[in-house]
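> Residues per chain, in single letters:
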Amino acid sequence: MKKIRMDMIFSHSGDVVSREIDGALIIVPLTSGVGDMEDDLFSMNESGTEIWNMLDGKKTLQEIVEALAQQYQAKPGEIEQDVVGIVAELLKRRMLVEATAA
Amino acid sequence: MSKRLPREYLHPAMRKIGLPLSGKALIELMQAVHAKGLPFRFSAGGYSMTPFIRDGDVITVSPLALHAPRRGDVVAFIHPKTNRLCLHRVLSVHGGSFFIQGDNMPERPDGVIPREAILGRVTGLERAGRRVRLGLGPERLLLAILSRCGGMALTRRYAGWLYAYFSRSHGSCEKH
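Sequence order for the protein chains is A and B.
Quick note: to get this note's numbering, add 60 to the position in the first sequence (first position is 1).
Quick note: to get this note's numbering, add 1 to the position in the second sequence (first position is 1).
Please keep in mind that the hints were generated in silico from the structure rather than gathered at the bench.
Note that the structure is a prediction, hence the values are computed from the model and not measured.
Be careful, since some hints might not be right.
Partial list, computed: chain B residues near chain A (C-beta under 7 Å) [said to hold, decoys possible]:
| hint | residue |
| --- | --- |
| 1 | P7 |
| 2 | P13 |
| 3 | L30 |
Cβ atoms here follow ideal geometry from the backbone N, Cα and C, with glycine treated the same way.
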């Protein structure tokens, strides 16, 4: 897998649908062109949801880290490490695609 | 103005979620999937469409696209009175509205439902891993007529025989 850099921009893949329902994010992978509730569905905690919402095809990972650092009390480097980690997991599950900067 | 204090940081985490989803979640996700022009598959609960759709059957609902529901179609819709997701049969078409009723609910029709409340058409049905067609094929028109004139009690009585007949002779039930 390609190395994740902080100047990279990602957006949600066209092969997923996500909705925040009653405060909880639900991500549905569109396996074989079907929105299948019998298949695996995913949810994220609060910080995961914020990261997901900021992966909008506009912000770099660095900008996402800076935005989160203003909202949360965290150790230096912790947020960056987490953002890279969750992006790697989402890429592995084909839920994200790399976007080019406008 | 006081500055908002930073919140406690928890590591982001993604997890698989279990079923069942709430009716509201099903409706929102179905609308989101249909907005991409794709079908939506989920387990149905309840007995209002017995014997053609049974509790636990896996249903595929396709978006309506440009084609309005027709008489006999089983449609997914948001019931205007309860705001709940229902899967019932169209018994007759009235311009842009549809008279809808569950096959097993002759005494409690849903009434006239506007097109805007209809989310999609049931295009697939699986039971215990097998695809079932009875109730969704050309016979759906007959079922709508029988339902409209109160003949569904007879159909329900012979549903087991019909199911076996179609399974054996016409391959309406196939391994999925």
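> None of the hints should be skipped; say for each whether it holds.
Against the structure, the hints:
With its C-beta approaching chain A no nearer than about 4 Å, P7 (chain B) sits inside the 7 Å limit, and its interface hint holds. The interface hint given for P13 (chain B) holds, since its Cβ lies 4 Å from the closest Cβ of chain A, which is under the 7 Å cut-off. Against a cut-off of 7 Å between C-beta atoms, the interface hint on L30 (chain B) holds, since the closest Cβ of chain A lies about 6 Å away.
Hint violations for this structure: none, all hints satisfied.
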